[in-house]
Amino acid sequence: MVDDLIIGMAGSGGDGIVSAGESLINAAAKEGYYAILTKSFGSQIRGGESSCRLRLSTQPVLNPGGVLDVAVVLNWEDFLRFGCELPVGPETIVIYEDKTGVEPALIPLKGVRPAAVLKVPMEAMALKAAGVLLAKNNVVLGLLAGWFGLAHQSILGGIRKKFAKKGEAVLKGNEQAFAAGLDYAEHNPLGVDRRLGTPSPDSRRKILTDGNDMCAAAALFAGCKFFGGYPITPASEIMQYLSREIWKHGGSVLQAEDEIAGIAAAVGASFAGIKSMTATSGPGLSLKTEVLGLASVAELPLVCVDVQRGGPSTGMPTKREQADLFAAVFSAHGDTVRPVLAPISVEDSFGITVEAFNIAEQFQTPVIVLSDQEIAQRKETVHPVDPSAFKLVERLRPSSKELDPYVRFRFTESGISPISHPGMKGGNYLAAGIEHNELGAPTANGEMHARMNDKRLKKMAPLHQRRDLFIIEGDADAEIGLISWGSVAGVAIEAAKLARAEGIKVKLLIPKLLYPIAEDIFADFFKPLKKCLVVEQSHQGQLYRLIRMWAAVPPSYSVLAKSGSNPITPEEVLEKTREMARA
Amino acid sequence: MSNECPLSPEVFTAKDYRSSLKPIWCPGCGDYGVVTAIYRALAAINRPPHEIAFISGIGCSSRIPGYTTAYGFNTVHGRALPIAQGIKMANPDLLVLVAGGDGDGFSIGGGHVAHAIRRNPSLTYIVMDNQIYGLTKGQLSPTSPRGLKTSSTQYGSMEDPVNPLLYVLAYGASFVAQGAPGDMDGLAKLIEQAIRFPGFSFVNIQSPCITYGDPETQLKTQKARIRKLEAEGHDPSNRLRAMELAQEYGTTLYTGVFYQNPNPPPTYESLIRARQQALQGADSPLEDLLEKSAENGGNGELVAG
Chain U
1 MVDDLIIGMA
11 GSGGDGIVSA
21 GESLINAAAK
31 EGYYAILTKS
41 FGSQIRGGES
51 SCRLRLSTQP
61 VLNPGGVLDV
71 AVVLNWEDFL
81 RFGCELPVGP
91 ETIVIYEDKT
101 GVEPALIPLK
111 GVRPAAVLKV
121 PMEAMALKAA
131 GVLLAKNNVV
141 LGLLAGWFGL
151 AHQSILGGIR
161 KKFAKKGEAV
171 LKGNEQAFAA
181 GLDYAEHNPL
191 GVDRRLGTPS
201 PDSRRKILTD
211 GNDMCAAAAL
221 FAGCKFFGGY
231 PITPASEIMQ
241 YLSREIWKHG
251 GSVLQAEDEI
261 AGIAAAVGAS
271 FAGIKSMTAT
281 SGPGLSLKTE
291 VLGLASVAEL
301 PLVCVDVQRG
311 GPSTGMPTKR
321 EQADLFAAVF
331 SAHGDTVRPV
341 LAPISVEDSF
351 GITVEAFNIA
361 EQFQTPVIVL
371 SDQEIAQRKE
381 TVHPVDPSAF
391 KLVERLRPSS
401 KELDPYVRFR
411 FTESGISPIS
421 HPGMKGGNYL
431 AAGIEHNELG
441 APTANGEMHA
451 RMNDKRLKKM
461 APLHQRRDLF
471 IIEGDADAEI
481 GLISWGSVAG
491 VAIEAAKLAR
501 AEGIKVKLLI
511 PKLLYPIAED
521 IFADFFKPLK
531 KCLVVEQSHQ
541 GQLYRLIRMW
551 AAVPPSYSVL
561 AKSGSNPITP
571 EEVLEKTREM
581 ARA
Chain G
584 MSNECPLSPE
594 VFTAKDYRSS
604 LKPIWCPGCG
614 DYGVVTAIYR
624 ALAAINRPPH
634 EIAFISGIGC
644 SSRIPGYTTA
654 YGFNTVHGRA
664 LPIAQGIKMA
674 NPDLLVLVAG
684 GDGDGFSIGG
694 GHVAHAIRRN
704 PSLTYIVMDN
714 QIYGLTKGQL
724 SPTSPRGLKT
734 SSTQYGSMED
744 PVNPLLYVLA
754 YGASFVAQGA
764 PGDMDGLAKL
774 IEQAIRFPGF
784 SFVNIQSPCI
794 TYGDPETQLK
804 TQKARIRKLE
814 AEGHDPSNRL
824 RAMELAQEYG
834 TTLYTGVFYQ
844 NPNPPPTYES
854 LIRARQQALQ
864 GADSPLEDLL
874 EKSAENGGNG
884 ELVAG
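As they're listed, the protein sequences go chains U and G.
As numbered in my numbering, residues 1 to 583 make up the first sequence, in order.
As numbered in my numbering, residues 584 to 888 make up the second sequence, in order.
Because the hints were derived from the structure by calculation, they are not lab data.
Where hints are given, some of them may not hold.
Claimed, not checked - Examples of chain G residues lying across from chain U (beta carbon under 10 Å, computed):
| hint | residue |
| --- | --- |
| 1 | I638 |
| 2 | D676 |
| 3 | P798 |
Note that beta-carbon positions come from the ideal geometry of N, C-alpha and C, so glycine has one too.
Can you build the whole structure from these sequences, using the hints too?
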């Protein structure tokens with residue numbers, strides 16, 4: 001019995017391998033397992049090689065895992081193209097297509113001896129059972145269900161649902177293909193027991209969704225009534241979701257002519273008094289920068305989601321990277337502080353997006369949400385949202401006493417001034433990107449400029465105390481620390497758990513507020529530390545460097561930083577942690 | 584919709600739309616005439632200033648919202664139109680005016696004009712066209728004539744100018760006019776007509792730059808050069824004839840309505856309202872946002888109950 005199972009599958013476009021992964025995660029989630037499904041494709045628009053990685057667990061999981069427990073290979077060329085995305089190790093059970101003609105002793109995996117290598121005539125079984133090669137993926141499902149004790153009934157239910165409309169013959173063929181896989185597994189038992197245990201009884205319902213849908217749903221929940229954007233991978237699904245749903249809640253979506261117009265319209269909508277959002281990926285963030293600066297100076301609330309992908313420039317649009325941090329934090333001219341938040345999982349995308357709206361409204365500022373390709377597009381089992389867990393914040397409106405005459409940018413103790421909007425009688429003012437005095441009138445006076453800069457910066461002060469935007473766990477007196485963020489945080493959390501299980505004392509810090517840097521929170525975390533490792537998916541270690549700009553770091557402060565599309569696994573972070581403990 | 588111009592019980596005069604800010608424009612600038620014409624047009628329409636949103640980009644002329652008592656937004660260079668569309672979509676009841684120079688509208692922001700026209704929101708786009716960059720001190724603008732020597736084209740421009748009138752006509756704008764502060768009554772009337780038009784309306788205004796502009800085209804000679812389209816017997820419902828006349832941009836100073844679509848397409852905000860109303864019944868409780876998604880073709884799916 002195992003409580004965690006990582007399955008990787010690869011084939012060519014028509015093999016239905018991703019569809020098999022989706023069937024499995026649906027079935028597993030129905031049975032109450034926790035699960036994450038990531039998909040990876042070649043760069044072709046349709047066809048080409050495709051793969052998926054499915055992690056099933058009896059306990060909550062926060063990352064897609066490292067070395068595969070099970071590798072399903074429909075052909076070796078396609079499998080090998082995914083290289084380090086589908087790593088095989090000594091514990092892996094490799095199941096491959098007989099038709100590849102390779103003998104088990106000669107499989108093309110250099111330097112690894114998997115736990116078992118099983119050559120299975122999947123194509124032949126599909127042809128025999130269903131008469132069509134297309135049923136191959138259901139043979140695979142049968143094999144996996146049989147060998148690893150996965151949800152037979154739920155998988156079968158899924159197959160029935162999927163093929164219900166395709167006619168009796170097609171449905172029967174696919175059922176038979178599944179049964180053939182099950183039967184094969186039964187007659188060819190694995191030497192080792194790798195059956196997945198039963199999930200911990202959890203009466204709470206689960207939803208299978210991805211980070212982009214979660215983010216869009218959160219925007220609606222937060223009261224977003226306008227979205228302006230432009231299609232871009234891997235963020236487009238946010239606009240797609242809202243273009244379907246937002247009208248029902250009295251809002252609207254503008255698919256703009258370009259990225260700049262998308263954010264510009266969102267800034268306009270915010271000026272007009274409603275909550276608004278834009279979403280993009282790296283190249284779009286670069287284009288939107290000037291208008292983000294406008295929102296900062298005009299003190300208009302705005303949420304800008306950046307679903308990071310590999311960069312710079314076009315980079316690798318379908319791969320994860322966390323290298324937009326510098327851009328999110330620094331890419332505005334002038335002295336601006338713009339809050340930057342990052343969710344750590346699909347489930348977390350909801351709360352962080354709601355938080356982004358709250359911070360934008362409270363502090364009258366643009367807020368950037370740094371999601372990433374993995375969170376945005378992986379499927380994950382999440383708990384249904386509990387609306388009572390969230391408080392929604394609305395911008396401070398002027399009272400009738402504060403209107404006519406109205407002083408839009410009045411200097412206040414908090415730096416926050418009540419904001420009116422067109423249509424509000426007596427609240428008329430001039431908003432502008434140009435520096436202005438309290439009334440909004442343009443100025444080039446140095447003293448006024450300094451005071452306004454001070455106002456715009458000091459209003460963010462309460463953010464520095466937001467400990468709830470950090471995960472801090474582990475041994476309080478540990479001398480070893482781990483820091484990570486975004487989707488990679490899930491890897492560090494698991495590594496820290498594994499290290500502590502080995503008796504290594506370690507502390508973990510996961511900032512969901514990336515900027516402004518909360519100096520006190522970092523100082524408290526660093527206080528007992530002798531060694532600290534930052535784990536992140538960027539080549540130069542952007543978070544590692546950003547922290548050092550504001551905080552005094554421990555004597556030994558290092559980084560595990562990798563360019564996008566190079567997996568970071570719990571095992572290797574654990575090994576780094578062991579090294580820190582040994583030295 | 585702004586074009587319906589609901590009557591306010593209060594009566595506003597031109598000076599109710601004038602703010603206390605003193606314009607930064609040079610004495611003799613055409614833009615003084617433009618802002619005066621806007622005060623008059625707004626008074627004729629009589630919407631209270633707080634129901635007006637006046638959006639601009641960057642340039643001398645883009646300072647104009649600050650000289651009115653409306654809600655103003657002096658934004659960034661070239662992006663006034665998309666910002667204004669966001670405002671109109673957020674609150675269709677507002678009267679939305681957009682203004683800027685020829686550089687703002689047809690150079691850095693040129694890509695947005697076509698798309699505003701395609702959507703047809705009820706907003707009025709006023710371009711103060713002076714064929715030069717004034718704020719940055721005399722560089723070539725997109726409407727500068729070929730051969731013009733400027734501070735950035737010391738040996739003369741090697742490009743043809745943009746023809747703003749033909750540009751918007753070609754993209755299908757339903758209301759296209761040109762005015763000049765040399766004919767103040769005509770300009771105020773034209774702006775009023777544009778605001779009352781249900782949909783996207785465009786007014787190009789020949790507003791000479793006294794400091795860097797062509798000495799031959801200044802205000803004092805403008806009146807004599809004006810040829811009123813109405814007096815020429817032009818039928819504004821004739822789009823092809825409008826395009827023919829528009830080809831004389833840069834040589835003949837026509838003022839008046841070049842084109843007014845007798846059957847304009849629906850306004851963007853009317854379509855938005857209709858869609859919101861049609862779908863409002865399908866409203867789903869917020870806690871079902873993700874569950875619903877699956878049924879509606881999204882990625883979310885409720886899998887365990």
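Hints, verified against the model:
{"no.": "1", "hint": "I638", "result": "holds, 7 Å"}
{"no.": "2", "hint": "D676", "result": "holds, 7 Å"}
{"no.": "3", "hint": "P798", "result": "violated, 30 Å"}
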